[in-house]
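A.B. asks: Chain C is fixed; fit chain U onto it per the hints.
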Amino acid sequence: MNFKLKIWRQKDAKSQGAFETYEVKNISADTSFLEMLDILNNDLVHAGKEPVAFDHDCREGICGMCSLHINGHAHGPAQAVTTCQMYMRKFKDGSTITIEPWRSAAFPVIKDLVVNRGAYDEILQAGGFVSVRTNSVPDGNAIPIPKKDADESMDAAACVGCGACAATCKNGSAMLFVAARVSSLAKLPQGRVEGARRAKAMVAKMDELGFGNCTNTGACQAECPKQISIAHIARLNREFLAAKLQD
Amino acid sequence: MALKLDSKIPAGALADKWSNHKAAIKVVSPANKRKLDIIIVGTGLGGASAAASLGEMGYNVKVFCIQDSPRRAHSIAAQGGINAAKNYQNDNDSVYRLFYDTIKGGDYRAREANVYRLAEVSNLIIDQCVAQGVPFAREYGGLLANRSFGGAQVSRTFYARGQTGQQLLLGAYAALNKEIAAGSVKSYPRHEMLDIVVEDGEAKGIIARNLVTGEIERHGAHAVVIATGGYGNVFFLSTNAMGSNGSAAFQCYRKGAGFANPCFTQIHPTCIPIHGTQQSKLTLMSESLRNDGRIWVPKKMEDVEAIRKGTKKPSDIAEEDRDYYLERRYPAFGNLVPRDVASRAAKERCDAGYGVNETGLAVFLDFKTAIERLGEDIIKQRYGNLFDMYEEITDVSPYKEPMQIFPAVHYTMGGIWVDYNLMTTIPGLYAIGEANFSDHGANRLGASALMQGLADGYFVLPYTIGDYLSKKIQAPKVSTDTPAFAEAEKAVKEKIEKLFSINGKQSVDDIHKRLGNIMWNNVGMARTKESLEKAIKEIQALRKEFWTDVKVVGTANSFNVELEKALRLVDYLELGELMARDALNREESCGGHFRSEHQTEEGEALRHDDEFAYAAVWEYKGMDKEPELTKEPLDYEFTHRAQRNYKD
Numbered sequence: 001m002n003f004k005l006k007i008w009r010q011k012d013a014k015s016q017g018a019f020e021t022y023e024v025k026n027i028s029a030d031t032s033f034l035e036m037l038d039i040l041n042n043d044l045v046h047a048g049k050e051p052v053a054f055d056h057d058c059r060e061g062i063c064g065m066c067s068l069h070i071n072g073h074a075h076g077p078a079q080a081v082t083t084c085q086m087y088m089r090k091f092k093d094g095s096t097i098t099i100e101p102w103r104s105a106a107f108p109v110i111k112d113l114v115v116n117r118g119a120y121d122e123i124l125q126a127g128g129f130v131s132v133r134t135n136s137v138p139d140g141n142a143i144p145i146p147k148k149d150a151d152e153s154m155d156a157a158a159c160v161g162c163g164a165c166a167a168t169c170k171n172g173s174a175m176l177f178v179a180a181r182v183s184s185l186a187k188l189p190q191g192r193v194e195g196a197r198r199a200k201a202m203v204a205k206m207d208e209l210g211f212g213n214c215t216n217t218g219a220c221q222a223e224c225p226k227q228i229s230i231a232h233i234a235r236l237n238r239e240f241l242a243a244k245l246q247d
Numbered sequence: 248m249a250l251k252l253d254s255k256i257p258a259g260a261l262a263d264k265w266s267n268h269k270a271a272i273k274v275v276s277p278a279n280k281r282k283l284d285i286i287i288v289g290t291g292l293g294g295a296s297a298a299a300s301l302g303e304m305g306y307n308v309k310v311f312c313i314q315d316s317p318r319r320a321h322s323i324a325a326q327g328g329i330n331a332a333k334n335y336q337n338d339n340d341s342v343y344r345l346f347y348d349t350i351k352g353g354d355y356r357a358r359e360a361n362v363y364r365l366a367e368v369s370n371l372i373i374d375q376c377v378a379q380g381v382p383f384a385r386e387y388g389g390l391l392a393n394r395s396f397g398g399a400q401v402s403r404t405f406y407a408r409g410q411t412g413q414q415l416l417l418g419a420y421a422a423l424n425k426e427i428a429a430g431s432v433k434s435y436p437r438h439e440m441l442d443i444v445v446e447d448g449e450a451k452g453i454i455a456r457n458l459v460t461g462e463i464e465r466h467g468a469h470a471v472v473i474a475t476g477g478y479g480n481v482f483f484l485s486t487n488a489m490g491s492n493g494s495a496a497f498q499c500y501r502k503g504a505g506f507a508n509p510c511f512t513q514i515h516p517t518c519i520p521i522h523g524t525q526q527s528k529l530t531l532m533s534e535s536l537r538n539d540g541r542i543w544v545p546k547k548m549e550d551v552e553a554i555r556k557g558t559k560k561p562s563d564i565a566e567e568d569r570d571y572y573l574e575r576r577y578p579a580f581g582n583l584v585p586r587d588v589a590s591r592a593a594k595e596r597c598d599a600g601y602g603v604n605e606t607g608l609a610v611f612l613d614f615k616t617a618i619e620r621l622g623e624d625i626i627k628q629r630y631g632n633l634f635d636m637y638e639e640i641t642d643v644s645p646y647k648e649p650m651q652i653f654p655a656v657h658y659t660m661g662g663i664w665v666d667y668n669l670m671t672t673i674p675g676l677y678a679i680g681e682a683n684f685s686d687h688g689a690n691r692l693g694a695s696a697l698m699q700g701l702a703d704g705y706f707v708l709p710y711t712i713g714d715y716l717s718k719k720i721q722a723p724k725v726s727t728d729t730p731a732f733a734e735a736e737k738a739v740k741e742k743i744e745k746l747f748s749i750n751g752k753q754s755v756d757d758i759h760k761r762l763g764n765i766m767w768n769n770v771g772m773a774r775t776k777e778s779l780e781k782a783i784k785e786i787q788a789l790r791k792e793f794w795t796d797v798k799v800v801g802t803a804n805s806f807n808v809e810l811e812k813a814l815r816l817v818d819y820l821e822l823g824e825l826m827a828r829d830a831l832n833r834e835e836s837c838g839g840h841f842r843s844e845h846q847t848e849e850g851e852a853l854r855h856d857d858e859f860a861y862a863a864v865w866e867y868k869g870m871d872k873e874p875e876l877t878k879e880p881l882d883y884e885f886t887h888r889a890q891r892n893y894k895d
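As you go down the protein sequences, you meet chains C and U in turn. Numbering follows our numbering, with no gaps: position 167 of the first sequence is 167. Position in the second sequence (from 1) plus 247 gives the number in our numbering.
Be careful, since some hints might not be right.
[To be verified] Each computed SDA-like pair below joins lysine to any residue, with the alpha-carbon atoms no more than 25 angstroms apart: (1) Lys90(C) <-> Asp635(U); (2) Lys147(C) <-> Asn334(U); (3) Lys647(U) <-> Asp30(C); (4) Lys170(C) <-> Leu44(C); (5) Lys147(C) <-> Asp635(U); (6) Lys798(U) <-> His46(C); (7) Lys25(C) <-> Ile39(C); (8) Lys6(C) <-> Asp93(C); (9) Lys25(C) <-> Glu639(U).
[What the hints assert, rightly or not] Pair ranges (Cβ atoms, derived): (10) Pro146(C) <-> Gln890(U): 40 to 50 angstroms; (11) Glu552(U) <-> Lys92(C): 27 to 37 angstroms; (12) Arg281(U) <-> Pro144(C): 39 to 49 angstroms; (13) His73(C) <-> Asn337(U): 41 to 51 angstroms; (14) Gly48(C) <-> Glu780(U): 31 to 41 angstroms; (15) Lys147(C) <-> Lys894(U): 34 to 44 angstroms; (16) Pro144(C) <-> Glu780(U): 56 to 66 angstroms; (17) Lys559(U) <-> Asp43(C): 35 to 45 angstroms.
Note that these hints are calculated values from the structure, not bench results. Beta carbons: idealized from backbone N, C-alpha and C, even for Gly.
The following block holds chain C by itself, in its conformation from the complex (with noise of 0.2 angstroms):
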């Protein structure tokens, strides 16, 4: 297969960015899409030009490391899979592929594709754990789990923090990713002592990082490759306006 890619190029946060395009040949169908720039940059190289910065690392679509707009879709067009899980068998032979980083303010560009993702860890930092020391917890059978909770508890933990549901809304919120954790909490006994503080202290601090509010558009469910429902945002609503009501 061939392709013409259409790729946006960026020498750093503070450069500006221009669209450049290149042409890649004989790609079979089976080669994934993360491979396909792999083959790409060799190219460049050879040529001694810089190859095209992007993020990646594991290749199982579980590490939330990959991320790219693809065609104007997160993950690019196929559904419930990352980046690094697409295959070109998906893509149209001869058709030209659109290219470009996570498109958020709050994930700004570090090189071409490679975007800065911290402002995650910041929101899990402010309160996405259970307070428990090392070694001063009871035995793993001493609270029984309905095996419901449990199990939606861990729909809401297959969150990968790759970004897609930011990148992808309108107004550049976090809140499926926010609710994610917030959810799968919620649902386990040992994450409710410090519920309430938990959903005020995360949304206060996506707030904060400049992420947007939610208008319930559902985008982020759609373009989330582990499928995580909105559902969660709700549970996240319901968490945080309780936690409101307390004060």
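C.D. replies: Chain U only, in chain C's frame:
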């Protein structure tokens, strides 16, 4: 001068060693902990759990990772589960049984005392993770669920769907976040350690490169912990993350830390086969699939050929024409034999010509029987995400046709030598998790990597490091304005300049791929004296080629992935040779190390305990010089070393 190896294994009965040791080692008072700095490199299960625990205890911790967030470390990709000796299933499991399975699974090449301690603290890990809010799978009664893994006849593996590593890491990362918020830990993402600084014979800090700005930084501390995982990417193609590398460990080796059993590499039996030359990464299919999947190839060559041509589908092959070779050869463990055994058996069938894809390098993993027995829904619940991932990659649905699988490089049991305190041969320098060599012998059992990472980070290192730091309570802050730091920084900068100056014709990846081929063909699943000698020669030649013909584009003072890769390949090109040398020295077969010259009549690994019951610890002597071998004898006081038997 040979290395001085003192394993510091405490005396006494196996079950008392850890308790006795904890009682004997020194502790540091809260007031003094505040004065002590610790650097941790790597934020996987080992690094994150250690950083969180040490931060809670009151030490000042700096934690470094190469990714954009500590949560991305490769522990996250572990799918299947984590072992613990809880005996919640009432199947007569115990600390001793977990110890025994692990030491036997490692083919009797690990230390008894370390492995027993691992089994002993395994139960604490589950309690800890549950309390952190890790959503483990549960039964309808609300209690924790278990499944089985290779090399065990009990169900002791705890799991969170097919994402156990992710959930455990998010637990450790959350604990780390708690400490970052509290100010006891400072996080340095997108930083890569490029050298360890040793002064007056002790570890005093690291030289790190800020991967965003390219700036070279000095960081001092009273102790340094390496938690940077394994070096499987020496093979270019592996199941490791693209960024996983052996460089931090290798710098320690260069500076005098012993490197133990480098040749012990785990080849995982259930990975998606290689599809072509454009591939840069292999994908693992969890070992948990062997709970319900049956591995087979056709009995008849004509069926093999028909499948390859596409004139027959695997589901067309009648039951009596299938060779479920693991069930045939190992009736007691069947499809759940340890990884090394399963991998070799797949290779044996493929070498005999029964490989089921065009390359002849694939076997089937079939869920037909399980779907008939349990229904598609239950199978979907258990493995849905893995089946989806497989279909995404191969365009074949495992609900309809069997998966094709083949062994691939997955884990390295070898690593930096450590004593019972997890300290390397350099005082003040520690290594934990996959980065050290200590617990898995010559083969790691499934669901034990997560166990070891968290055992080391939560429950072992936080105590043992105090024994060393108790001697440092009067030491001032470590100054980075010293000749040792200056020298290390200068060497790093010179190495980087040298790489840019070569300006040759081959990209870093071109050379790395060639190294991978040499390794896979000669230092892979089966090794011989000839193949290893050949590998050493070829790697030496390739290394020369690298230093005269590599092309590294971009600049030193910017975000530069090519430079990062080049720096890692520098180390792979020496590490590969070290692995081959170690494999050449070890004239026996054990676990994942299979020397074709040493096998039983049935083709099983044949150990030579009289000669090789030791950990081979290598000391660096220079890039083109032979390293020096020191042996740490492995005395087995409590277990009888037998030929491993998974048949009955």
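A.B. asks: Now look at each hint and say whether the structure bears it out.
C.D. replies: Each hint tested on the structure:
no.	hint	in the structure
1	Lys90(C) <-> Asp635(U)	15 angstroms, holds
2	Lys147(C) <-> Asn334(U)	20 angstroms, holds
3	Lys647(U) <-> Asp30(C)	20 angstroms, holds
4	Lys170(C) <-> Leu44(C)	34 angstroms, violated
5	Lys147(C) <-> Asp635(U)	23 angstroms, holds
6	Lys798(U) <-> His46(C)	8 angstroms, holds
7	Lys25(C) <-> Ile39(C)	9 angstroms, holds
8	Lys6(C) <-> Asp93(C)	15 angstroms, holds
9	Lys25(C) <-> Glu639(U)	22 angstroms, holds
10	Pro146(C) <-> Gln890(U): 40 to 50 angstroms	47 angstroms, holds
11	Glu552(U) <-> Lys92(C): 27 to 37 angstroms	35 angstroms, holds
12	Arg281(U) <-> Pro144(C): 39 to 49 angstroms	40 angstroms, holds
13	His73(C) <-> Asn337(U): 41 to 51 angstroms	50 angstroms, holds
14	Gly48(C) <-> Glu780(U): 31 to 41 angstroms	37 angstroms, holds
15	Lys147(C) <-> Lys894(U): 34 to 44 angstroms	37 angstroms, holds
16	Pro144(C) <-> Glu780(U): 56 to 66 angstroms	60 angstroms, holds
17	Lys559(U) <-> Asp43(C): 35 to 45 angstroms	40 angstroms, holds
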